[in-house]
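Residue numbers (this note's numbering), protein chains in the order written: chain A, 1 to 199; chain B, 1 to 478; chain C, 1 to 356.
By construction, these hints were calculated from the structure, which means they are not laboratory data. Be careful, since some hints might not be right.
[Said to hold, decoys possible] No farther apart than 27 Å at their CA atoms in a straight line, the calculated lysine-lysine pairs in the DSS-like style are these:
1) Lys-331/C / Lys-181/A
2) Lys-149/C / Lys-79/C
3) Lys-181/A / Lys-171/A
4) Lys-181/B / Lys-57/B
5) Lys-171/A / Lys-79/C
6) Lys-90/A / Lys-181/B
7) Lys-64/C / Lys-79/C
8) Lys-64/C / Lys-75/C
9) Lys-171/A / Lys-331/C
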Amino acid sequence: MTFEQIIFYLFSAVLVAAAVGMVTVRSPVYAALCLILSFFTSAALWLLLEAEFLGLVLVLVYVGAVMVLFLFVIMMLDLNTDPLKEGLVKHAPVGFVVAAVIAVEMILVLQSAPFQIATPLNPAPANNTEALGAILYTDYVYPFEIAAVILVVAIIAAITLTLRRRPDSRKQDISQQVQVKRADRVRLVKMKAETKEQA
Amino acid sequence: MNIVIAMPEIFLLSTICLILLLDVFLREDCRMITYLLTQVALLATALLAYGAMDGEKTTGLNGMYVRDDLAGVLKISILLLTFVVFVYARKYLKDRTIWVSEFFLLGLFAVLGMLVMVSANHLLVVYLGLELLALSMYALVAFNRDDGRSSEAAMKYFVLGAIASGLLLYGISILYGLSGKLEFAEVLTYVSSQNVLENIPLLFALVFIVAGIAFKFGAVPFHMWVPDVYQGAPTAVTMFLGSVPKVAALAMLLRVLAESMGAAQPGWAQLLLVFGLLSVFLGNLIAIAQFNLKRMLAYSTIAHMGFILLGALTGTTEGYSAALFYTITYAMMAAGGFAILILLGREGFEAETLDDLKGLNERNPWYAFIMMVFLFSMAGIPPTVGFYAKLSIIQAVMQAGYLWPAVFMVVMSVIGAYYYLRAIKMIYFDKPEQTAPIQAELDFNILISVNGVLMVLLGLFPSALMGVCSAAMVASRL
Amino acid sequence: MMEILANFFGAFLPEWMVTLLIILIKVVAIVLPLILLVAYATYAERKIIGFMQVRVGPNRVGFKGLLQPFADMFKLIFKEIVIPARSNRFLFLIAPLLAMGPAFAAWAVIPFSDGMVLADVNAGLLFLLALTSLGVYGVIIAGWASNSKYAQLSALRIGAQMVSYEIAMGFALVGVLMASGSLNLGDIVRAQSGSIFSWFVWPLFGLFLVYFISGVAETNRAPFDVAEGESEIVAGFHVEYSGMAFSIFFLAEYANMWLIAALTSLMFLGGWLSPFQGLTFLTDMPVLGRVFGDGIHWLLLKASFFMLLFFWFRATFPRYRYDQIMRLGWKILIPITLVWIFAEGLAIALGWKPWL
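Turn these sequences into a full structure, and let the hints guide you.
What follows is the structure in structure tokens.
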């Protein structure tokens, strides 16, 4: 067994354990942490496959930003998840059926022609960040731009739905504060030196 | 790479960005400029789309984009309908002092999403266009955020819409796994080489994709969101949601099912037959029990969508053209119908129940007449265009050999006519419950009159629009 | 040298263990000096701020107080770790490790000199971004697990702050990678070779400022240290920590400061490259040439300068108010980077590359 294989099995085991834990643990904070761990280990697995861009971006975006905000919300809310868990046994059969159907479909699809190849069609590029960038900005530039527009819409929607200007809120105009000059705050007054008699 | 081919979309996107930036710096009392620019952008884009119609079918942007006459017709109808809807919506927003420029901006983004869908030549692009449309719509439904019902509707729409997108995406991914392709022509080559009804994974893919599309149409059994969203959303948004995106949904159906999986027609036709018949049946029946006008129109939409699905399932040029004709004219009447609702409401009062229609004739005979035309048209009574639209669909269905479904459609249309006629009875023969004067500005009046008169004119001379529809289908080899 | 070691171990160990051992040795070779640097950074901070405030600073333990860091360390080691009542014991104890892990792991891709790097990965810059974004977990979890409202408040503040400043930081790095055309840190430094005028700090001056300011904010140092905010929330996320657990947070903070300092020098000031590059009469001198030539000492010198800036800020600036921090991040730093990147892209597209 090579070093890489050992690492692979180690990470895979952690990944599976974390994924199972995410579904089964009681505390929502632990569940979120398990999810983070599984993201992290899958990123490590991708790194092993030399898909470094995808792996690192998974960590950067999901672990570093999305899950932080997730955790944020979970910590702020006093979640009582017991009512959610009550149906676990009741709903489990349905869940298993759906899982089984999806598994069967995936197996059927994986047997199709495009997956029956022994060697990669193209040699893996040495620097896949560069390769991905090159293909995204040429062949796939149209969908890429549309995806960017979708993100803009998301920002606009979020701002529209949350930004409120309350006329009664007391709020500072910071740029005004920053632009303040000495003359606005301090007045230098010339005074004659006091003599002993005056004091 | 020839990016000029996507000129209408590029132009629209650039204009949106410009308006977005400009709007930030506009003073509160100059917000009208945003609206005017929006309308100019829509018209200019329509002109560009018209200029791009040359009877050829050209693909570009690495095979992701297609420019043909079908796309041209769909784009022009989307843009013009949006123009009309925005004129109507302006009154709603102004009356209720919830004037926000984001309404128009998000609307423009939704239009951009629809244009992308219409011109898609790649499953990935279809999906992205759909998401662009859907995301803008979710925000629009919720945009009157102080209204609890509006937020609830947006939440329902969002959750169900996300599931539908998931279904569609899952279907697309199975199809991709099987064929290794996403471009329509290549998918078609793969599907043509398969025996569709025997290939289980392909059937799975088909079911998921059809389910995703049916959700966007709001066809039974994926119709649950329609009444709640129609009722909860601000009427201006309901009007937009209930008219223009239907054209885009038909475009998606034509592109994904007819174009890329035309060879699988025997497979998806069965599904569409079931969905279509169920929609026509349930939509018409449940609408009878509704006293909320918006809910009633929602169920009527479901029934109409059933007609469109039935027209499209034939897989013939006649069927597709009939469906296209039906969709465009339906979008016109739906926009008009909701516009009358906007007219009846005012600040602090929403016209929502059937009772609000009572005695409209006494209050304003002209609006009452127009509303009657819209309702006649929805019911499919001659000489309005609704009659011809239904007729051409039923003809196409019969020609394709579906005799009993055609008979069933006729029967359900007759049943459905009941609730439209009930509304007309209330307009003309009941005493008014509201006495507030109904008034609108000149642009609104002109457009609603033109809209109403068109319903009759198109009914009398349908061949003009029908000719455009079938020519587009022929040019796009559908 | 590593080959000799590999051959030595290879004689009696399986292959994978040799790989592991070699990596471990390299890790120790980086971490031990780093810890020493951290220890003396605390000493330097106290001395420098003392000087600025006209005090003496530590001067009792050892010559001029030079052994002070060790005295502190021994004190902390022997202190009891108090675990607050009704806190989450497991998370409480693991949080400091989560803070320290990324702070040390990031050093794996730092090239100390040409070729002197533990892992010469292609996407080094991305790796760094990913790891710095992980550091926030230690703090958030510590804040939550402590079962204290001050800690919780601090965790929320820091979470929002770090996520916000990461964006500006990431954009600044985008500018660097556009200029160098590579994500590999070694290549980024090599792209700056030539003379002192080919360092990226000149064409990317705005991004350099943004990067360093965001770096200060990312490490929660003054004037962005609202997460600690003694005057409002006592000591923030580590208010309940004592002994070694506390000192690990301390270690992580200073390791992060060194990291930011080293990264700023690598990406904008030519890392190990000598400022006298190109001046052959200096670099060709027999003995002094090694001093004037490229080497790890220049990286250390540049990083130390930024450490000095860290201390200087702390002695000079009053603490930002929270909304001002957010405003600075979102409304000033991010727009600056966006405009700068746009202009840079334009310059590259038009073929003006003054730095190449």
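A quick look at each hint next to the structure:
The hinted pair formed by Lys-331/C and Lys-181/A meets the criterion: a straight-line CA distance of about 22 Å does not exceed 27 Å. Pair hint Lys-149/C plus Lys-79/C holds up; C-alpha atoms about 24 Å apart against a cutoff of 27 Å. For the proposed pair Lys-181/A and Lys-171/A, the alpha carbon gap of about 20 Å is at most 27 Å, so the pair holds. About 20 Å separates the Cα atoms of Lys-181/B and Lys-57/B, which keeps this hinted pair within 27 Å; it holds.
Distance hint between Lys-171/A and Lys-79/C is unfulfilled; the C-alpha atoms sit about 46 Å from each other, more than 27 Å. At roughly 40 Å between alpha-carbon atoms, Lys-90/A and Lys-181/B are farther apart than 27 Å, so this suggested pair is violated. Proximity of Lys-64/C to Lys-79/C is assessed by CA-CA distance (about 26 Å); at most 27 Å being required, the pair is judged to hold. Our distance criterion of 27 Å between C-alpha atoms is met by Lys-64/C and Lys-75/C, whose separation comes to about 19 Å.
For the hint pairing Lys-171/A with Lys-331/C, the CA-to-CA distance comes to about 16 Å; that is within 27 Å, so the pair holds.
Checked against the numbered hints listed earlier, the structure breaks hints 5, 6; every other hint is satisfied.
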